[in-house]
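Start from chain P and add chain Y according to the hints.
Residue numbers (this note's numbering), protein chains in the order written: chain P, 1 to 695; chain Y, 696 to 1390.
Please note that the accuracy of each hint is not assured.
What the hints assert, rightly or not - Listed below are the simulated DSSO-like cross-link pairs for lysine-lysine, each with C-alpha atoms no more than 30 Å apart in a straight line:
(1) P:K359 - P:K483
(2) Y:K1054 - Y:K1178
(3) Y:K1328 - Y:K722
(4) P:K598 - Y:K1054
(5) Y:K1178 - P:K27
(6) Y:K1328 - Y:K1211
(7) P:K483 - Y:K1328
(8) Y:K722 - P:K27
(9) Y:K1293 - P:K516
(10) P:K27 - Y:K1211
Please keep in mind that the hints were generated in silico from the structure rather than gathered at the bench. Treat the numbers as computed from the prediction; the structure is a model and nothing was measured.
Now for the letters of each chain:
2 protein chains.
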Amino acid sequence: MTTPMPTDLMPVPAEVRFADARLPVAKTFAVAVTRHDDARLRAAIARWQQQWSARTGSGFCAPAVTTAAAPAALVIECQGPGSAVPSLGEDESYSLDVAASQATLRAATVVGAMRGLETLAQLLARDAEGWFLPGISIRDHPRFPWRGLLIDVARHWQPVEVIQRNLDGMALVKLNVLHLHLTDDQGFRIESRTHPELQTQGSDGQYFTQDQIRELIACAQARGIRVVPEIDLPGHATSWVVSHPELASLAGPYAIERHWGIFNAVLDPTNEALYPLLDDFLGEMAALFPDPFLHVGGDENNGVQWNANPRIQAFIIEHGLKDNAGLQTYFNRRVSAILARHGKQMIGWDEILQPDLPKEAVIQTYRGPAALATAARQGYRGLLSHGYYIDLMRPAAEHYLNDPLPATTSLAPEEQRRILGGEATMWSEWVTPENIDARIWPRTAAIAERLWSPREVRDVADLYRRLPAINARLEEASLLQNKNRERMLRRLAGDRASPAALQALRTLAGVVEPVKDYRRGGFQPGVMQSTPLVGLVDCAGPDSAPARDFARMVDQFLFQSREPERALAGLLQRQLETWSETGRVVADNLAAVAPGLKDSVLVARALTEVSGVGRDAVQVLLAGSTPDEAWVKVCSAILLRADHPGPAAVELPILAPLKLLVAAAAEQHRRRACSPEAWEQYVRAIALPPQSSAP
Amino acid sequence: MTTPMPTDLMPVPAEVRFADARLPVAKTFAVAVTRHDDARLRAAIARWQQQWSARTGSGFCAPAVTTAAAPAALVIECQGPGSAVPSLGEDESYSLDVAASQATLRAATVVGAMRGLETLAQLLARDAEGWFLPGISIRDHPRFPWRGLLIDVARHWQPVEVIQRNLDGMALVKLNVLHLHLTDDQGFRIESRTHPELQTQGSDGQYFTQDQIRELIACAQARGIRVVPEIDLPGHATSWVVSHPELASLAGPYAIERHWGIFNAVLDPTNEALYPLLDDFLGEMAALFPDPFLHVGGDENNGVQWNANPRIQAFIIEHGLKDNAGLQTYFNRRVSAILARHGKQMIGWDEILQPDLPKEAVIQTYRGPAALATAARQGYRGLLSHGYYIDLMRPAAEHYLNDPLPATTSLAPEEQRRILGGEATMWSEWVTPENIDARIWPRTAAIAERLWSPREVRDVADLYRRLPAINARLEEASLLQNKNRERMLRRLAGDRASPAALQALRTLAGVVEPVKDYRRGGFQPGVMQSTPLVGLVDCAGPDSAPARDFARMVDQFLFQSREPERALAGLLQRQLETWSETGRVVADNLAAVAPGLKDSVLVARALTEVSGVGRDAVQVLLAGSTPDEAWVKVCSAILLRADHPGPAAVELPILAPLKLLVAAAAEQHRRRACSPEAWEQYVRAIALPPQSSAP
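Only chain P is shown next, with the shape it has when bound in the complex (with noise of 0.2 Å):
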């Protein structure tokens, strides 16, 4: 995919060529089913033609869909309905051609058709004349089958609304797989009807019917969407016990876990009683979920209950299992002729990776790509979820360049074929139903990017370029990311904050983000399944648009000519002025009003207090003067204070260019003296580095 790129599409189809045409759109914009049609197409025609509603705030008039081309603005031709439930390797290929006079979407399926149809539905533009369609032909198809989304509605329940607008989301940036997280220490979350205590003592009463699933899958079907439930087993059970006791492998009461981490309850596999509950249960969940595979997790067994009960390791010595290692593949084949006799192929997490799995099992990959390819020479079928684990609050631009087939892989052809694609995974400890939106999108549209497009689609400028338009059409979808922080932070200022208080929270909360990987915890350590999430932290994005083109614009100010360049430095200085004044805003004036604030007063401060070292060091490089020591030094601690986050758990991703800035400054009378890549190396190395600030 050479070709330039004007258009926000995302994904990026696999090849797309311009015209110099130009389809306007009226109010009504006719449309013809020409070939194969069906409720599943019209469906998916009525939802585009409510995306255009929404976007251009009318009710676009949705005209009755005819069969006959000839006055249609769109004709759509599409061969047959490809399989009844969405399937792996569904052809989802299609391809759009947009005329002066008509549009035509070809598809093989109609599944096909709906990928084309939300192509479409990003294409609409407008300019002074009004909204149009650009001339175009697209030829599109996925590199790989299985694009998944993980979200864990176990840890933080998550309702069926969440569920059902992230489908939206999903589709609109081509994902095909939901898999739901559905087991877990904090929450047993789907009905069971054999065994009802499992949900009713272990769920608080928050869990899926199977009325509600049923409806679940029926919308993602709607939208070629698979839906693949995990039951987490052995470990991560602690939800489990609380009404089966007798099936852990140390003696109970177990109560369901109300902090987040690795836990020992873990279920017996040596308890015979066990089987028949699975075979109950597994059944049930074979029967709702029309997916052939079926998800049981396998993960962080941390082995602490096997090795306190002597009967178990008895067990293993008895049957030669060698460890517990060993113990766990004689579970999962147990597990696995249950599955086989429900008709359901198995999809784990890396441990189940063990000698005599069958083939047919899918090996998810929380470890990396080593892992993948070692599973692929072994003849399994993989996908890859390390770096795609949005709750570590990771940029967009980690995710989209993490590659589950990079360039330099050693895999032979039939290897490759294996890798199946990956999944963004939403593990819930930090997030409610009210901020999970902001936490999957947009950055889930990069990764949806990555495993639909072809691999040379990496340019991480031109993704920050279309993520906003993507946010846009996400939104417009019903999403909540963009509604729901406006009101966290109108939550967290409180009900006498002045509009220009809101405002300064809301640059605020826009220049910090949440520390990453599993830090929170750390620095918020009282936190467990009911406190609520309604900080600073809370609001903040992964992914700092402000401090991103802060960083570009010094990194051009410093390198990027021979002299410091007055109107840039007026740009810096202003910005840094904003948050000079945002810090004081938030720390005099709102926290006194806004006791939700407290644990940000520390941040607000160091954010004034950063802003006026950068404001200094702007100063002495425009004034070309070198500073004494003694201001370096401050401005060096001041720095390196600020790199710690305190108790909001966010940090300042605007530390990295200002000690570029301090450096430089600092280093100026060297700058004559040698290259400007010679400067620009040695001002990055004695740059103070971060700090490791684990709490």
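What follows is chain Y alone, placed relative to chain P:
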């Protein structure tokens, strides 16, 4: 009510006494229902818990409600269920006492208990120690028994979810009548099963089914809210005669009206075929809506069709009816008989007040207090809507001070009792489901307070102090006035807007107001039912807080000290600088990438210009110099030009304080020559008057 009111309660209760106590609200807050108990009360308790949950952002735990007072934090003593269907004159009184260890809510009826729960929900407060209820003792009851909100679902269709969330808003501010304006020229929005052609041909498929209405009634009933349907007769009848042209007063055919105004289509009262149809349809409505009142409109029959039909004029003469008004009375009597047969009392607009109108009829007046008094003197009960027309974009303060029974009333006590209350009217020419919440709220809360609270509660400054809090509670109750305004601003700014540009647009939208009264159509003559309402005017509110704050600061700066204060001048200058920059960013940067802002460039530039004028004036005032005449002329010209809204159909409410600034600057040489009062009077007198800016 003379007690000081440091709480944000809205409406203000009839009696409030504060106590020196603090009842902490922990994660759980146990509730006991100790006397009458039923499902409606339990549902109200659950809704209140949901409000606290949304407020605090936690899944506020709802422990099982008990019946033993002893350990509970809240005891609810309700004497009985009240009427099964909410009714006029239901006892809505309650008392609420919060002590350090327990809160007690007492009411005669479940509806009274609901009103008390809404007060309790608003009392929740937070300080550094956490959430709590302040010690308080409240005795409360409504001033008027009929406190309504009319929603016009005919001109712009408003689907079920709009009505549902607005029922939540109504409950929050203790409104008790939802008036659904179901039919008008632009749409027949209710299903008839006896004559389905009425809605199928008269509504574009956008109407409430009878099942949906039953759901809405149940939802309203659960909140102690009556639902009164309006079927507008005999005028406003275009949507009737689309399917029944034979019933119009002139020959058809007719099409659904797509524009706004008063139209000619009127039913023909001389056609006997009309009455069986009305009997069928009104019979259906009477069976569907349990309320004893049925609204028959009666307004704005312009007589054009009746005058033009000789047969009708002959009928008037033959039956001794005198004129068109006599014919309408004849028609009303027939309709009244139909309603009586179906067990309903008539309510209608001013025009139904004619000789022989049955005394149990209720007059709703859009004409004003005099019309209301006239009806009361004649023995009719009445409702005030004049002054509560929230579609006219007037500020909350105006509605707030509009009293159905002002202190100056000359009505006798028994006549006063006939004034039942009032209704805010949300006519929907210029609102869509997207922005209707922002048009209704928070201004309708001010009207709700007028109708509930004692007459003496009328401090406008305190109203504006409390509006942001009630607005936040409304948002927590699921209303979209804030969320959708932000979303509309994002749409208007477009995908390419930078955060700074979006902020500029937000600032601009915050400092302009839609043109008032019926002027918008003049500025935007092409707009009809299908036109998207997505412009700046649709995002702007009628009650600009920044403009109000600015006007207050200018008053203080000019008239509250002998000399202009430097600090205040600084604040004014900063605000004006921001607005100046705001206009520049929108006009020069944003409008280039956002075609939807084309019409707003003029007002953006005007904002920059008038802000510049204001800055000059402040400087002149600070310097104490006398400006030359040319400067005064130029400033006046700029301010006068800015008074013309142009195609964006928005006004700049800061023009009035800016005119004061310029007048004061021009005349400050007279300041020392007279008393402060005389000078203020003089400056106000010579300041430029607002322009009559009809397009």
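Query raised in the report: Straight-line Cα separation of K722 of chain Y and K27 of chain P no greater than 30 Å?
Result: Roughly 52 Å separates the two Cα atoms, so the pair is violated.
**Report entry** Distance restraint between K359 of chain P and K483 of chain P, which requires alpha-carbon spacing of 30 Å or less
**Finding:** Given pair K359 of chain P, K483 of chain P is violated - Cα atoms ~46 Å apart, limit 30 Å.
Requested in this report: Would you check the hint for K1328 of chain Y and K1211 of chain Y, treating anything up to 30 Å between C-alpha atoms as holding?
Outcome: Holds. K1328 of chain Y to K1211 of chain Y sits at ~28 Å (cutoff 30 Å).
Query raised in the report: Holds or violated: are the alpha carbons of K1328 of chain Y and K722 of chain Y at most 30 Å from each other?
Result: It is violated: about 64 Å lies between the C-alpha atoms, which goes past 30 Å.
Query raised in the report: Is the straight-line distance between the alpha-carbon of K1293 of chain Y and that of K516 of chain P 30 Å or less?
Result: violated (42 Å)
Query raised in the report: Are the Cα positions of K1178 of chain Y and K27 of chain P separated by 30 Å at most?
Result: holds (26 Å)
**Report entry** Restraint status (C-alpha distance of K1054 of chain Y to K1178 of chain Y at most 30 Å)
**Finding:** Distance of about 46 Å is beyond 30 Å: violated.
**Report entry** Proposed proximity, K1211 of chain Y with K27 of chain P (alpha carbon, max 30 Å)
**Finding:** holds (29 Å)
Query raised in the report: Quick one, are K483 of chain P and K1328 of chain Y close enough, alpha carbons at most 30 Å?
Result: violated (46 Å)
Requested in this report: Would you check the hint for K598 of chain P and K1054 of chain Y, treating anything up to 30 Å between C-alpha atoms as holding?
Outcome: violated (62 Å)
Hints 1, 2, 3, 4, 7, 8, 9 from the earlier list are contradicted by this structure; the remaining hints agree with it.
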